[in-house]
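S.K.: Sequences listed follow chains A and B, in order.
If you're matching positions, the first sequence starts at 5 in our numbering and goes up one per residue.
If you're matching positions, the second sequence starts at 7 in our numbering and goes up one per residue.
Simulated from the structure, these hints should not be mistaken for laboratory data.
We put the CB at the ideal spot given by N, CA and C, even for glycine.
Be a bit skeptical, because a hint or two may be false.
[Claimed, not checked] No more than 27 Å apart at the CA atoms, straight line, and that leaves these computed lysine-lysine pairs for BS3-like:
(1) A:Lys163 <-> B:Lys364
(2) B:Lys103 <-> A:Lys163
(3) B:Lys103 <-> B:Lys364
[Stated by the list, open to error] Quick list of simulated restraints, FRET-style, between CB atoms:
(4) B:Gln245 <-> A:Val154: 31 to 41 Å
(5) A:Val154 <-> B:Ala384: 15 to 25 Å
(6) B:Gly365 <-> A:Pro80: 38 to 48 Å
(7) B:Thr169 <-> A:Val154: 37 to 47 Å
(8) A:Val154 <-> B:Gly341: 24 to 34 Å
(9) A:Ile152 <-> B:Asn106: 37 to 47 Å
(10) A:Leu94 <-> B:Leu425: 53 to 63 Å
(11) B:Ser243 <-> A:Thr77: 42 to 52 Å
(12) A:Lys163 <-> B:Gln245: 13 to 23 Å
(13) A:Ile152 <-> B:Phe386: 18 to 28 Å
(14) B:Ser363 <-> A:Thr79: 56 to 66 Å
(15) B:Arg293 <-> A:Thr77: 22 to 32 Å
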Amino acid sequence: MKLKTSMLMLCAALGVAACTNPASLGGAGTGNDPLANGANGGVVPGSASDPASPAYFQQAVGDRVLFAVDQSTLTPEGRATLDGQAVWLLQNADYTAVIEGHADEQGTREYNLALGARRADAARAYLVSQGVQPGRLQVVSYGKERPIEVCSEEACYAKNRRAVTVLAGGLTS
Amino acid sequence: MMVRVLCLILMCLAPAWAAAQDGPLRIEITEGVIEPLPVAIPDLVPEGSGAGDWGQRIARVVAEDLTGTGLFREIPSSAFISQVSDFAAPVQYADWKAINAQALVAGAVSVNGNQINVKFRLYDVFSGAELGDGLQLAGTTDAWRRIAHKMADVVYSRITGETGYFDSRVVFVSETGPKAERRKRLAIMDYDGANVQYLTGSESIVLAPRFSSTGDRVLYTSYETGFPRIYVLDVGSVQRRVLESQPGTMSFAPRFAPNGQTVVYSLTQGANTDIWSMDINSGQSQRLTSTPAIETAPSFSPDGNQMVFESDRSGTQQLYVMPAGGGEARRISFGEGRYGTPVWSPRGDLIAFTKQSKGRFHIGVMRTDGSEERLLTASFLDEGPTWAPNGRVVMFSRETQGAAGRSTLYSVDITGRNLRPVRTPDGGSDPSWGPLQN
Numbered sequence: 005m006k007l008k009t010s011m012l013m014l015c016a017a018l019g020v021a022a023c024t025n026p027a028s029l030g031g032a033g034t035g036n037d038p039l040a041n042g043a044n045g046g047v048v049p050g051s052a053s054d055p056a057s058p059a060y061f062q063q064a065v066g067d068r069v070l071f072a073v074d075q076s077t078l079t080p081e082g083r084a085t086l087d088g089q090a091v092w093l094l095q096n097a098d099y100t101a102v103i104e105g106h107a108d109e110q111g112t113r114e115y116n117l118a119l120g121a122r123r124a125d126a127a128r129a130y131l132v133s134q135g136v137q138p139g140r141l142q143v144v145s146y147g148k149e150r151p152i153e154v155c156s157e158e159a160c161y162a163k164n165r166r167a168v169t170v171l172a173g174g175l176t177s
Numbered sequence: 007m008m009v010r011v012l013c014l015i016l017m018c019l020a021p022a023w024a025a026a027q028d029g030p031l032r033i034e035i036t037e038g039v040i041e042p043l044p045v046a047i048p049d050l051v052p053e054g055s056g057a058g059d060w061g062q063r064i065a066r067v068v069a070e071d072l073t074g075t076g077l078f079r080e081i082p083s084s085a086f087i088s089q090v091s092d093f094a095a096p097v098q099y100a101d102w103k104a105i106n107a108q109a110l111v112a113g114a115v116s117v118n119g120n121q122i123n124v125k126f127r128l129y130d131v132f133s134g135a136e137l138g139d140g141l142q143l144a145g146t147t148d149a150w151r152r153i154a155h156k157m158a159d160v161v162y163s164r165i166t167g168e169t170g171y172f173d174s175r176v177v178f179v180s181e182t183g184p185k186a187e188r189r190k191r192l193a194i195m196d197y198d199g200a201n202v203q204y205l206t207g208s209e210s211i212v213l214a215p216r217f218s219s220t221g222d223r224v225l226y227t228s229y230e231t232g233f234p235r236i237y238v239l240d241v242g243s244v245q246r247r248v249l250e251s252q253p254g255t256m257s258f259a260p261r262f263a264p265n266g267q268t269v270v271y272s273l274t275q276g277a278n279t280d281i282w283s284m285d286i287n288s289g290q291s292q293r294l295t296s297t298p299a300i301e302t303a304p305s306f307s308p309d310g311n312q313m314v315f316e317s318d319r320s321g322t323q324q325l326y327v328m329p330a331g332g333g334e335a336r337r338i339s340f341g342e343g344r345y346g347t348p349v350w351s352p353r354g355d356l357i358a359f360t361k362q363s364k365g366r367f368h369i370g371v372m373r374t375d376g377s378e379e380r381l382l383t384a385s386f387l388d389e390g391p392t393w394a395p396n397g398r399v400v401m402f403s404r405e406t407q408g409a410a411g412r413s414t415l416y417s418v419d420i421t422g423r424n425l426r427p428v429r430t431p432d433g434g435s436d437p438s439w440g441p442l443q444n
């Protein structure tokens with residue numbers, strides 16, 4: 005379910021090119037990836053147990069970082085998640101990513117678009133500082149247009165104030 | 007097909023008899039009207055065989071327009087002592103005075119094929135005279151609501167001394183679906199929610215449409231390419247084109263200058279959002295702000311010389327005014343809380359805005375120097391005011407709280423009175439009120 009949501013968002017972000025070939029997002033694995041060729045014979049390529057898969061990136065590495073109210077400064081937890089993302093991206097060099105910035109509903113539409121951009125850019129800048137090639141990372145802000153949690157309480161708002169790194173088909177595709 | 011082909015002819019009728027001077031019948035809106043003015047609006051007299059129930063339909067729209075302002079109260083026809091059955095016959099003032107009708111709108115309608123012809127007179131009952139000249143309106147039957155709105159505009163204007171706003175349209179975002187999967191498409195409607203037509207599909211997110219000053223074009227933001235970009239759409243042909251597509255950027259919050267040639271908008275590069283302007287014909291663009299802060303939601307003064315916008319350069323969202331070509335900006339909002347989405351009134355005297363304070367959202371107005379701030383509404387989430395063409399009313403979006411939260415349109419008078427929902431088929435947000443139509 006989580007993967008499906010992510011793929012839909014990815015399609016939304018990338019438009020037609022990505023949507024015409026969603027199968028490639030399953031991440032059939034990159035043969036030269038040392039992690040994918042590892043000792044674990046039970047790995048199902050493309051599943052979350054496959055360390056070279058987008059599912060693994062999303063679930064095991066963590067595809068999102070969260071922010072405080074009206075802030076775009078990375079938290080220590082956020083930096084730790086991005087450290088993991090950077091390692092993964094360096095090991096899986098065929099992938100590009102779109103970093104989506106989001107805001108909670110407590111703000112005006114235009115401001116939240118700009119705030120989401122700040123958040124996405126903060127994540128991007130951190131990944132670049134960890135060695136990810138800038139050309140592999142794009143940013144987009146959805147402002148408050150795409151909440152994942154719908155209650156009007158801080159418990160939901162906290163999850164909506166996010167920057168999500170959505171993997172896209174590789175540089176070679 | 008989008009534009010209803012329409013030829014409205016407006017001509018004066020000869021005075022009923024004695025030429026009327028400016029009567030005492032008058033609402034001073036600026037005084038703040040507590041007691042609405044009682045008005046009688048009998049069905050228009052059918053003339054000829056084709057008139058059917060047009061007289062009743064038109065009278066109902068006129069009545070809805072006038073009572074919808076909160077400035078008028080309609081006297082029900084069940085209270086009428088005399089009926090208007092002949093447009094040419096003298097008015098029985100005593101009968102209308104007896105039921106305390108201060109104004110009487112009397113008219114007649116004839117229909118020939120798809121042509122509709124309306125004539126009407128406005129009477130000041132207590133001074134026993136006609137208020138202004140009688141008028142005649144002609145057009146096609148599919149434009150009948152516009153004819154009614156024009157009648158109501160004349161009545162409103164003669165009694166309040168203000169220009170009317172009923173024969174106008176609103177472009178907005180029509181919303182369907184649950185909160186986490188909301189689908190949005192651009193729509194256009196009459197100011198009262200009638201005649202909704204859709205301008206885009208809902209495949210991509212669309213945001214914040216803005217009318218040109220003549221109402222012929224609409225600027226908006228769409229995620230059609232996967233990234234927010236500003237587009238211009240011709241209302242008549244529904245043809246659209248992207249205006250700003252620098253790779254690696256996002257553009258949003260566009261608005262026309264009064265001249266219809268210049269567009270201002272926000273452009274985001276990296277973490278920074280600045281205000282830019284573009285000549286819509288040449289595509290030449292120019293950056294107007296250059297701080298690392300978020301600068302967005304620009305709106306021109308009606309003379310085109312200045313613009314108001316929001317910036318968090320002070321640390322929180324506040325309102326600033328600067329010359330239209332950029333330059334030094336002057337902060338105008340100093341109250342408690344955050345201020346955004348400023349919109350300059352078409353009269354030039356006020357700026358409407360969204361204010362966030364203590365967990366509540368408000369629509370408010372202030373003078374252009376920031377003085378005399380007045381909050382008109384309060385709710386969980388009120389946002390994005392737009393001005394009626396006469397600068398007396400603002401329309402905005404109100405979103406309700408929680409998982410079932412839904413956005414709908416409301417309007418409120420700048421006195422803070424007469425808050426009312428604007429009926430749309432689905433949810434609605436981001437209204438932009440167009441000009442009074444010709």
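S.K.: Does each hint fit the structure? Answer for all of them.
M.R.: Going down the list of hints, with the structure as the test:
Between the alpha carbons of lysine 163 of chain A and lysine 364 of chain B the distance comes to roughly 22 Å, so the proposed pair stays at or under 27 Å and holds. With a C-alpha separation of about 64 Å, the suggested pairing of lysine 103 of chain B with lysine 163 of chain A is violated against the 27 Å cut-off. Pair hint lysine 103 of chain B plus lysine 364 of chain B does not hold up; C-alpha atoms about 51 Å apart against a cutoff of 27 Å. Roughly 36 Å separates the CB atoms of glutamine 245 of chain B and valine 154 of chain A, a value that falls within the hinted 31 to 41 Å.
The beta-carbon spacing between valine 154 of chain A and alanine 384 of chain B, approximately 23 Å, falls within the hinted interval of 15 to 25 Å. Between glycine 365 of chain B and proline 80 of chain A, the C-beta spacing of about 28 Å breaks the proposed range 38 to 48 Å. Checking the proposed 37 to 47 Å range against threonine 169 of chain B and valine 154 of chain A shows it holds: the Cβ atoms sit about 42 Å from each other. Checked against the hint of 24 to 34 Å, the C-beta distance between valine 154 of chain A and glycine 341 of chain B comes to roughly 31 Å, which is consistent with it.
Checked against the hint of 37 to 47 Å, the C-beta distance between isoleucine 152 of chain A and asparagine 106 of chain B comes to roughly 58 Å, which is inconsistent with it. Hint check: leucine 94 of chain A to leucine 425 of chain B, Cβ distance near 56 Å, so the stated range 53 to 63 Å holds. For the pair serine 243 of chain B and threonine 77 of chain A, the beta carbons lie near 47 Å from each other, so the given range of 42 to 52 Å is met. Evaluation of the 13 to 23 Å hint for lysine 163 of chain A and glutamine 245 of chain B yields a failure: the beta carbon distance comes to about 40 Å.
Checking the proposed 18 to 28 Å range against isoleucine 152 of chain A and phenylalanine 386 of chain B shows it holds: the Cβ atoms sit about 20 Å from each other. Distance hint for serine 363 of chain B and threonine 79 of chain A: a CB-CB separation of about 27 Å, inconsistent with the stated range 56 to 66 Å. In this structure the supplied range 22 to 32 Å holds for arginine 293 of chain B paired with threonine 77 of chain A, their Cβ-Cβ distance being about 26 Å.
The earlier numbered hints that this structure contradicts are 2, 3, 6, 9, 12, 14.
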